[in-house]
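Asks: Now for the letters of each chain:
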Amino acid sequence: MSSAATVAIAGAATGVCAADIRREIVEEQTKVVFEVNGETKHLTLDNRTTLLDALREHLHLTGTKKGCDHGQCGACTVIVNGRRINSCLTLAVMHEGEKITTIEGLGRPGNLHPMQAAFVKHDGFQCGYCTPGQICSSVAVLQEIDADIPSHVTENLIAQATVTSAEIRERMSGNICRCGAYSNILDAIKEVAGVPA
Amino acid sequence: MRAFSYERASSVEAAARAAAQNREAKFIAGGTNLLDLMKLEIEKPSHLIDVNGLGLDKIEKARDGGLRIGALVRNTDLAADQTVRRDYGLLSRALVAGASGQLRNKATTAGNLLQRTRCPYFYDPNQPCNKRDPGSGCSAIGGITRQLGVIGGSEACIATHPSDMAVAMRVLDAVVETVKSNGEKRFIPIADFHRLPGDTPHLETTLERGEFITSVTLPPPIGGKHIYRKVRDRASYAFALVSIAAVIQPDGSGRVAVGGVAHKPWRVETAEAELNKGARATAAALLADARPTEQNKFKIGLTERTLGAVLSEARE
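Residue numbers (numbering that gives the first Met the number 0), protein chains in the order written: chain A, 0 to 196; chain B, 0 to 315.
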């Protein structure tokens with residue numbers, strides 16, 4: 000006997016309509032449609048599924064990594080509608096109709112995104128676990144500076160933000176690298192931004 | 000994480016009604032704090048009302064010359080807004096001093112006000128905590144208190160409010176605009192929005208069940224020099240040990256609020272009369288009733304010195 004049927008019978012015995020209980024069970028899942036790396040995905044997910052788990056466990060895009068699972072390390076960073084977010088701290092069902100870019104969508108072996116190529120060239124990693132998050136974050140950081148979004152180290156709030164080492168370090172503070180490849184990560188980002196190392 | 004049902008709200012009124020009908024329902028917007036706490040089963044809503052589709056993401060001039068900030072305006076967008084940067088600079092500064100770029104892209108204006116304390120005992124479900132489990136006791140008192148509150152606390156709780164943004168909004172006399180579950184609108188001055196812990200530290204704001212924040216309004220700009228100075232254990236992405244939000248006028252008068260020291264942004268309007276006498280007199284008046292622990296009494300001196308740095312910067 001399936002567990003759903005067991006619940007329905009138990010419900011009937013206590014006077015609760017079986018249909019109500021079935022609805023409650025169904026309501027713990029929600030349909031969602033979003034685009035991942037240019038492909039439309041239709042999913043029916045347990046409401047608890049984070050975007051990170053949907054990407055890794057349901058869509059098998061395992062480039063995005065689970066580090067702390069609490070928004071503290073940045074390993075799960077992906078780009079949603081052009082903005083970097085922690086995919087561990089958002090529910091997949093909250094992204095109806097949105098466009099998600101993961102590390103796989105930025106570039107592939109043989110056709111690397113300039114930021115991926117720069118991380119390889121500058122040795123911007125050791126173990127590589129934080130790297131997909133570092134690269135997604137880096138790409139978005141340069142876009143944020145271009146879009147004139149200020150940071151904690153921006154001296155003049157009225158002037159256009161510029162690419163400096165201090166700006167990159169501050170803006171990348173949500174991505175932890177326990178191997179300590181920070182100085183090479185900084186070099187990689189500066190090369191892509193076209194500023195002298 | 001406990002199982003929950005999920006709906007995408009169709010209107011503000013529907014969202015407030017749905018929340019009032021279910022004691023265990025929660026609104027979800029950015030979700031960065033709520034989901035963190037749900038994973039630890041510190042928050043256990045049986046139903047989530049997703050309010051992200053409701054608009055409420057505009058920053059508009061108010062009729063009185065002030066600024067109306069939609070509840071769902073993301074921290075990044077509020078910090079980057081040209082009017083905020085020009086006329087309410089300390090709000091921009093406070094926002095970019097908080098969290099990380101990724102979190103600021105999701106976190107909302109209303110959610111920032113409603114975020115829970117980062118007291119380590121609140122976050123540890125194995126420890127008694129009156130805020131998480133009313134009546135169970137406070138593990139922080141007598142525990143590790145370096146990060147915790149020095150003023151306005153009680154025998155039941157010495158947690159701090161973690162927001163940077165709210166400290167700036169307290170100085171700017173922001174007003175929180177809400178809709179109650181019966182459709183009635185309410186305007187809550189930020190000074191009355193957050194509570195001190197007293198005997199009920201689990202009640203953190205004066206919102207009623209189902210009451211929904213629609214916007215936060217700022218009065219017309221007041222000029223002056225806008226400064227937000229945050230002192231923390233690392234240079235970025237850490238909560239404040241002490242932070243000072245200040246607007247200082249050319250004649251030396253001004254407004255000041257302190258973060259990282261209390262259960263709410265700490266402002267004492269009468270202490271501002273001391274600003275012309277300098278940081279020592281002002282800090283003494285601000286923290287006159289402080290009851291720090293051995294481990295966090297450094298926050299008293301740190302507040303004075305941080306305020307001193309702020310007043311020096313204002314004179315530059």
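No lab work stands behind these hints, which were simulated from the structure alone. It is possible that part of the hints are untrue.
[Claimed, not checked] List of simulated lysine-lysine pairs, DSS-like, C-alpha gap at most 30 angstroms:
{"id": "1", "chain 1": "B", "residue 1": "Lys184", "chain 2": "A", "residue 2": "Lys30"}
{"id": "2", "chain 1": "A", "residue 1": "Lys98", "chain 2": "B", "residue 2": "Lys25"}
{"id": "3", "chain 1": "A", "residue 1": "Lys65", "chain 2": "A", "residue 2": "Lys40"}
{"id": "4", "chain 1": "B", "residue 1": "Lys25", "chain 2": "A", "residue 2": "Lys30"}
{"id": "5", "chain 1": "B", "residue 1": "Lys38", "chain 2": "A", "residue 2": "Lys65"}
{"id": "6", "chain 1": "B", "residue 1": "Lys184", "chain 2": "A", "residue 2": "Lys98"}
{"id": "7", "chain 1": "B", "residue 1": "Lys43", "chain 2": "B", "residue 2": "Lys184"}
Asks: Of the hints stated earlier, which fail here?
Replies: Structure breaks hints 1 and 6.
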